[in-house]
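Visitor: Protein sequence lines correspond, in order, to chains R and G.
With the first letter of the first sequence counted as 1, position 42 gets the number 42 in UniProt numbering; the numbers rise by one all the way through.
With the first letter of the second sequence counted as 1, position 218 gets the number 218 in UniProt numbering; the numbers rise by one all the way through.
For the record, the hints were derived by calculation from the structure and aren't laboratory data.
Glycine included, C-beta positions come from ideal geometry on N, C-alpha and C.
Any given hint might turn out to be false.
Claimed, not checked - Pairwise CB distance ranges (calculated):
1) K71(G) <-> N48(R): 26 to 32 Å
2) R46(R) <-> S252(G): 24 to 30 Å
3) P281(G) <-> M1(R): 30 to 36 Å
As the list claims (entries may be wrong) - Under 8 Å between C-beta atoms, here's a sample of chain R residues computed to sit facing chain G:
4) D33
5) R34
6) K38
7) Y42
8) P43
9) K44
Unchecked claim - Simulated pairs of lysine to aspartate or glutamate, EDC-like, Cα-Cα distance not exceeding 20 Å:
10) K38(R) <-> E331(G)
11) K44(R) <-> E314(G)
12) K359(G) <-> E204(G)
13) K44(R) <-> E204(G)
14) K23(R) <-> D33(R)
15) K44(R) <-> D208(G)
16) K38(R) <-> E204(G)
17) K359(G) <-> E384(G)
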Amino acid sequence: MGVHIFGKSIKHNALVRIGLAKKIFGVGYETADRICAKVGIYPKMRMNQLTDPQVMAINKELSEMLIEGHLKQKINNDIELKRSIGSYAGTRHAAGLPVRGQRTRNNSSTAGRLNRIDRHH
Amino acid sequence: MFRLGFKRTHVGTCWDANARQLRQLSRSSITFAASAPKQRDGKKKIKLGIKKKAAAPSKPKRSGMTHLKFKDAVRALNFEKNAADISGSGIKPLSFDALKSQDSSVVKYDQYALQTLRALDSFKKYQHHELFSEPVSLVNSNTLEISKFLENFDSSSKNNRLCLIGSKGIGKSTLLSQAKALALSKFQKDVVLLHLDHTEKIVEGSSDYIFNKRLGKYQQPMFTKRWIMKLREANKEVFEKMPLTRDVSFTSKKTEYNLKKNENSLYDFVLLNHDFGKVGPSTAFSFFIEELVAHSKNIPVLVTIDNFNVITSEPLTAYYHPNFTPIHVSEFEIGDFILNLASGKLSFSKGGVLLSESKDVADRHTLSVGLGITEYNPYWKVDECDVSIAENLLDNGGVAPLKLKELSKAQTRTLMSFWKDVNVLQNRDYPLQEVFKSFEQIASEEVAKAAGANVEDHEFDPEVHFEKIVNHNFVRSAGNPGHLLKSVALSY
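In isolation and in its complexed conformation, chain R is listed as follows:
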C-alpha cells in the first residue's frame, strides 16, 4: 500500500521526509524538511499517519515548487540554450563529453551517458 502524493505512490511505512525526498524529482532532504516544517509534520511521522488535510497541504506546497516534469523541462531548456548560443558547455553537452573540465582520457563514460542536449526525456 502506498500513499499518493503529487501523483507518486510512496511506501506507507516510509518517513514523510524521506519518502518525499526519495520519490519526487527536485525534492531533496533539505526541501522535504522545509515542507514538513511548514505543514507541521513532526520529524518521525510516517506516510500512513498523514491525514487528508496534511496530504493536501503537502500537495499544495509541492505544486508551488519547480519539480518533476517542469524541472526536467527547465534543465533541458537550459542545456538547449547553451547549445544554441554556442557556448563551450553547450558543445560539450552536444558531444556527450564532460562539461565541467573533467579529464577525458579515462572515465568519461558517465558523461557519455548523461550529458546530452535532451538530458531528461
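Given chain R, work out where chain G should sit, using these hints.
Guide: Just chain G now, with coordinates in the frame of chain R:
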C-alpha cells in the same frame, strides 16, 4: 501428425495385439515423451548465463524465539520467570523508617511501590532486572543522602532540588527508583510521583506538535497523553484524594464533560480527558499542573526526571518552526515545565525535584555550569553551552549536585553474596580441576615434584574461591554496580 484410421472391431485377441502395437505410435505418446537432447558427436553444448544455485532450504521458524539481540531478548522474553525466587530469602522491602538498619544490604520493593514503579517505567532496559524474580537494589551511602533530601519535603520544591551525577552504571536511575519507593514509604502513599523516564522523547521528534497561541508554547499531544496515562496509573489512589479546586469543562471523544469543583477528583479529570492538544490547542496539561500545585500544601510532589541532561545538551530539538528554524526545548510546554521546575520558577509547596544525568548523551558544558561545577568560559562555541538554561539552573539558590559514590568492598561482597544465593553468580571449582590447568602450571608442578617438593592437590574451598571472585570483580569494576553486574553475569 498422422492419424491411423483404425476402427474398433471385435475380432478377438488378434485385435488387442494390433491395437497395443499401434497405440505406441499414437500422437499422445509422442507429444508427452521427453525429447532427447540433441548432441553432436564429440561436442558438448555449453550453457551460457549465470549458473543457478539450488535454493537454500528455508530455516524452520522456531516458535517462542525473537529477532532481538541477546540483551534485548532476555527482557522481552520475560526471563525473570526463570529466575530463582527471592521471596523466601529474607530480603526486606525498602523502608524509610528502617533505612539506617538496611544500610549496605540488599532490599526489594514492597508490592505497592513495585506496581507504581512499573507503571512509571522506572526499571530500565539494561539494568538487567530479568536476572531476579523481582527488582532488587542495594542500600548504600547514596540512598542515605536521598533520605536527607526526602526529609526536606516540608519546604517548597524550589529549595529542594538535587541533580544526580556520576559515571555510567553507578546507579543514578536505580537511586531515582529508590527515592520514589522511599517517598511512598515515608508519606504512606500520600505523595504524587511525577517521573519522566526518557527525556529524549521531548526532543527527538517522535511526537506530533501544535502551537498553542494562548500559552505561546508548542504542545506535544501524543507524548503528553502517554505521560499522563502513566502518571494516572501510578498515582491513582492519591489523585482520587484530590478534589478539583475549580470547575472545568472539556470535550473528549465527542462528549462534553463538566467537572465540578469539590465534587470530582483530579483522577476523574485525567481519566476522562484524553485530549491534550490532539484536536486543537488545549490547556488540559496546565490545568493538571495547577491542580497539583494547589494540592501540594497537603500532598507533597516528588518530581524525578531521568536523563535530564538530554535537554541541556541538545536544547535545539528535532522540531522546526514553520520558517525552518529549530525549536528550542523551552518553547515546548513540557520542556518549559521541566526547566521551570529545575530553575525553581515553578514550585510545589511541599516536595522536591530530583534530576539525573545520562552518560549516553553528548557531553556539553551546560549542566556542569548550571550546577556550579564548572565556570562558564566565554570562548566556548554556542552549542557547547546554552547560557540561558545554565543561568536558569542557577536561579533560586541553584540545583545541588550529588555525585554518587561507588560501592565499598564490603558492599560489593554483600551484593555478590546475594547474587550467589540466587544463582546469578556461579561459584564453580573448574579452574582448580586437573583438566583445566594450563600446560605451564602442570609442568611447574611436575618440576616441583621431581625436585622432591610436597605438591598437594588443591581442594576446592567455596569461600576462598568466592573471595577471589569478589576481589577480582571489585578491582575490575572499581565499585561500579553496573560494571560489576556486567562482569559477573554477562561476561563468559
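Visitor: So, for every hint listed, does it hold in this structure?
Guide: Structure-based check of all given hints:
1. About 31 Å separates the C-beta atoms of K71(G) and N48(R), a value consistent with the hinted range of 26 to 32 Å.
2. Between R46(R) and S252(G) the beta carbon distance is about 26 Å. The supplied range of 24 to 30 Å therefore holds.
3. In this structure the supplied range 30 to 36 Å holds for P281(G) paired with M1(R), their Cβ-Cβ distance being about 32 Å.
4. Interface hint status for D33(R): upheld, as the beta-carbon distance to the closest one in chain G is roughly 7 Å, under 8 Å.
5. For the restraint placing R34(R) at the interface with chain G, the shortest Cβ-Cβ distance is roughly 5 Å, inside the 8 Å limit, so the hint holds.
6. The closest approach between the C-beta of K38(R) and any C-beta of chain G is roughly 5 Å, which is under the 8 Å cut-off, so the hint is satisfied.
7. A hinted interface residue such as Y42(R) counts as satisfied when its beta carbon comes closer than 8 Å to some beta carbon of chain G; here the least separation is about 5 Å, so the hint holds.
8. For P43(R), the interface hint holds, the least distance from its beta-carbon to any beta-carbon of chain G being 3 Å, beneath 8 Å.
9. Given the 8 Å rule on beta carbons, the hint for K44(R) holds: about 5 Å separates it from the nearest Cβ of chain G.
10. Note on K38(R) and E331(G): the hinted pairing holds, with a Cα-Cα distance of about 17 Å set against a maximum of 20 Å.
11. As the CA atoms of K44(R) and E314(G) are separated by approximately 17 Å, the hinted pair is consistent with the 20 Å bound.
12. Between the alpha carbons of K359(G) and E204(G) the distance comes to roughly 17 Å, so the proposed pair stays at or under 20 Å and holds.
13. Restraint check for K44(R) and E204(G): the C-alpha separation of about 8 Å stays at or below 20 Å, so the hint holds.
14. At most 20 Å may separate the alpha-carbon atoms for a hinted pair to count; K23(R) and D33(R) meet this at roughly 14 Å.
15. Restraint check for K44(R) and D208(G): the C-alpha separation of about 9 Å stays at or below 20 Å, so the hint holds.
16. Under the criterion of a C-alpha separation no larger than 20 Å, the hint pairing K38(R) with E204(G) is consistent with the structure, at around 18 Å.
17. For the hint pairing K359(G) with E384(G), the CA-to-CA distance comes to about 16 Å; that is within 20 Å, so the pair holds.
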